[in-house]
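Engineer: One letter stands for each residue in the lines below.
Number of protein chains: 2
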Amino acid sequence: MTKKAGSNPNPYSLDPEDWQNFRQNAHLMLDDMLEYLETLRLRPVWQPIPESERSLFRNPLPWLPEDIMSVHKTFMNHILPFGVGNSHPRFMGWIHGGGTPAGMLAEMLSAGLNANLGGRNQIPVAVEQEVIHWMLELFGFPDNASGIFVTGTSIANLIGLLVARTAAVGDKIHEKGVEGENLVAYASASAHTSILQAFDLAGLGTLSLRSIPVNKIHQIDIVALENAINDDKRKNLRPFFIAATAGTVDVGAIDDLSGLSDIARREKIWLHVDGALGALAILAPDLAPRLKGIEFADSLAFDFHKLGQVPYDAGVILVRDAVLHHQTFVSKAAYLHRETQGVAGGSPWPCDFGPDLSRGFRAFKAWFTFKVYGAKKIGEMISNTCALARYMQSRILSTPDLELLAPVSLNIVCFRYLCSNPDEVNAKIAIKIQESGIAVPSTTRIDGKLAIRAAITNHRTSSEDIDALLAAARSFGISISDPDSQRPLRP
Amino acid sequence: MTKKAGSNPNPYSLDPEDWQNFRQNAHLMLDDMLEYLETLRLRPVWQPIPESERSLFRNPLPWLPEDIMSVHKTFMNHILPFGVGNSHPRFMGWIHGGGTPAGMLAEMLSAGLNANLGGRNQIPVAVEQEVIHWMLELFGFPDNASGIFVTGTSIANLIGLLVARTAAVGDKIHEKGVEGENLVAYASASAHTSILQAFDLAGLGTLSLRSIPVNKIHQIDIVALENAINDDKRKNLRPFFIAATAGTVDVGAIDDLSGLSDIARREKIWLHVDGALGALAILAPDLAPRLKGIEFADSLAFDFHKLGQVPYDAGVILVRDAVLHHQTFVSKAAYLHRETQGVAGGSPWPCDFGPDLSRGFRAFKAWFTFKVYGAKKIGEMISNTCALARYMQSRILSTPDLELLAPVSLNIVCFRYLCSNPDEVNAKIAIKIQESGIAVPSTTRIDGKLAIRAAITNHRTSSEDIDALLAAARSFGISISDPDSQRPLRP
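So the sequences go chain by chain: U and D.
For the first sequence, position 465 matches number 464 in numbering that gives the first Met the number 0, and the numbering has no gaps at all.
For the second sequence, position 124 matches number 123 in numbering that gives the first Met the number 0, and the numbering has no gaps at all.
Bound conformation, chain U alone (with noise of 0.2 Å):
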């Protein structure tokens, strides 16, 4: 038999031996996920999972090949059907964002390319940064401005802090450290934990993060704001950081960016805006303008995979200062030596802009979801997660039974079946509606009382979900409450 012209002379290479088997096989699988993305609606949300299906994933290395199309059916019947079930319309637990078919086929594609974008010459970083400038011009920052793609807002809320840090040091903070510098900074009570993390993992300690109060509206108070700053001026402490929340993860709230950023300007203090949840909003043009001021941010980090719907991991740190973050992060590696021309050309590259060497390329399903649906489709649907979970709120507030526990912000609600013992039998609710595979909400405590909490971030989700996952509620908690009664229960 001939060789084909391209094939591999290579008995070591991992390419098929016989590509035309591989390719029906490829054929067979690719067909079976777009089965499963089409029926989706009709299996559970999530299932509780039995140990005789954990075990099959405890086996020793393998050293023998398996047949590729055992090993789907692996996947098929053994993983798939057990994830959290964050692609369902009727997934509402966390903020979790559905994916879609066109962000699958990104995938495969952006896989087989097999880019590294830590660098060098190629069109795969360009694409990085027409998509960092779409970013730049949604968010009203300047075309100069900086950014790269990161897993999400932990590591982006990181890359922020430590931007910030050199802003406020200068480069002797790469050699020095954070010893004997001061830095004190600020964010309110319901910022998200990977800020608080950011200052651990950059050696500045939590206790140089400090807590403000929040409003009514679960906002930062500005006023306490500015007499905590004050109290460490006169400390002789260094105040250099704000984090400002868009969107916070029990209630969606948004800080008033606008204010922050006054403050921030008049005291020279660097203003991050943690946009994981929220900032996306600003494409749906009844949202937008609850996000007045994030143009005025120095940082800005936000996920793609939220309610961008891009498949898992993609986040985005945006920095309005380039020079100021390439500073933090660039490297003088000699093997990572630049050329002005060859494939060692195209500096700076994004390695030199935060700490991945190694980086796929999750730009490019951000940037073919964003192309494939247009940024208007998207902001409609972000638009309607929110419209929804204000249907919901409107639900919650005509039924005695249940009680809102958060004014409705963005797209997350948080409320509770009334009853005696509430905290003991709304965390046992929540757990009998994943369980039933109805829906999958969530848990939170609201000042201090236990609420079950819904997320509206898939773009699957319709009205129906939302009474499905109410009159779930209301049976699990009669049912639970009173034992005695045994209303039917009508998913």
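Because the hints were derived from the structure by calculation, they are not lab data.
Just so you know, not all the hints are guaranteed correct.
Same chains, same label: a pair holds when it works inside one copy or across any pair of copies.
Cut-off 20 Å, straight-line C-alpha distance, at most; resulting in silico cross-link-like pairs (DMTMM-like, lysine to aspartate or glutamate) [said to hold, decoys possible]: (1) K375 to D66; (2) K267 to E180; (3) K376 to D17; (4) K375 to E65; (5) K234 to E178; (6) K72 to E52; (7) K175 to D231; (8) K376 to E16; (9) K448 to E338; (10) K375 to E16; (11) K376 to D66; (12) K431 to E338; (13) K72 to E34; (14) K376 to E65; (15) K232 to D261; (16) K448 to D422.
Starting from the known structure of chain U, fit chain D onto it as the hints suggest.
Structural biologist: Just chain D, lined up with the frame of chain U:
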């Protein structure tokens, strides 16, 4: 027309309106990628990027949708041909894995599932932990050690350092930061730049990392290390961290891991191994003995996307002491409250062992790759890349106008064309080879001399590819150093 049972009642959904049409397009896209991979060898490895191509990626945010096949066409014609070429058998620049067709399909499946591996009660977490346990077994770590996937070794090195910080200082590090702890650490002068960066990011400053000279075979000088530790102890500083290297970036040298582990145990210093380039060579029976002592590391960082040929990005950190690892990252945020039942079960979660809360399912492509090929074949392939490097070394040693600049330790070959002005000429040779499309080597400096550096990492590379690179280096060397000579170049 009646809607299919699984179709979406939500007009804002991003699911296809016409699944049949979407399915046809998806299969065309898959065919394009398989055709591309099958005929890789027929293409130039890399090609210079005309300004007309770059300018295609400087458009404003797209508000309106574009047909998916039109977007796909942009990918096929304007992105795919302009990557760095690391899938190609004659890519030898930097240490980039080649990816595999099976890895591409794994990413497709994984993106269809769209799991967030931050935590919660799901089989994808069990799959990640299965791969981690394969690696614990492979590297001789105890079964109760811990590990997670991260983007790559840069972040894995940072995690190793952060856990070592906890080990040295205790839990107070989180609140108090690094101030006043007098921590000092050690790595060889050939250690990767990400080790240095980790000290910057973690607030310790790069001056707290001592650069220890290397011996003739580019390993850390053990005596110099011991002297440095003793010097620091006399100054009342606290030696807490040694970063060993398994595969230096310049020449692929492996530190004396057994010798280092003896010192680390005696001095009660954390031993971290940066195995980005070399650790997976343990899969090759002929190379495994070189990694002796790796089983004594306190933490080990490595990448699957290099020698392992898993698509970008997929790195791993393993930590011997799971309790310390957990203590370093665990969060107590209310909305991340754990349950014993339901979706919020399964604690501890992966986000308790690293900085990321949103985490793609990068473990899956590693799992799929190892299942489909088997570890034995992957080890044979790695062994072959090193055999090819030795073949290249022997070819260079027997060619009078080529000079070997460092002994081949693993899969990296550093050489130059002998002539006057060798630095200038060899820099030009490297670029000419890249621009010709024949091969992609990179450059580095060895003992001050500019070296052409070929890293044989791709599973597709064969001895013919080595021959082609060397022939091109000599031809360009002659034509650059003696422009009158016009020896014909046969790729």
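Engineer: So, for every hint listed, does it hold in this structure?
Structural biologist: Going through the hints against the structure:
{"no.": "1", "hint": "K375 to D66", "verdict": "between (44 Å within a copy, 15 Å between copies)"}
{"no.": "2", "hint": "K267 to E180", "verdict": "within (16 Å within a copy, 30 Å between copies)"}
{"no.": "3", "hint": "K376 to D17", "verdict": "between (42 Å within a copy, 17 Å between copies)"}
{"no.": "4", "hint": "K375 to E65", "verdict": "between (45 Å within a copy, 12 Å between copies)"}
{"no.": "5", "hint": "K234 to E178", "verdict": "both (17 Å within a copy, 18 Å between copies)"}
{"no.": "6", "hint": "K72 to E52", "verdict": "within (14 Å within a copy, 41 Å between copies)"}
{"no.": "7", "hint": "K175 to D231", "verdict": "between (23 Å within a copy, 17 Å between copies)"}
{"no.": "8", "hint": "K376 to E16", "verdict": "between (44 Å within a copy, 14 Å between copies)"}
{"no.": "9", "hint": "K448 to E338", "verdict": "between (60 Å within a copy, 16 Å between copies)"}
{"no.": "10", "hint": "K375 to E16", "verdict": "between (46 Å within a copy, 17 Å between copies)"}
{"no.": "11", "hint": "K376 to D66", "verdict": "between (41 Å within a copy, 14 Å between copies)"}
{"no.": "12", "hint": "K431 to E338", "verdict": "between (61 Å within a copy, 12 Å between copies)"}
{"no.": "13", "hint": "K72 to E34", "verdict": "within (14 Å within a copy, 25 Å between copies)"}
{"no.": "14", "hint": "K376 to E65", "verdict": "between (43 Å within a copy, 12 Å between copies)"}
{"no.": "15", "hint": "K232 to D261", "verdict": "within (18 Å within a copy, 49 Å between copies)"}
{"no.": "16", "hint": "K448 to D422", "verdict": "within (7 Å within a copy, 70 Å between copies)"}
Checked against the numbered hints above, the structure breaks none of them.
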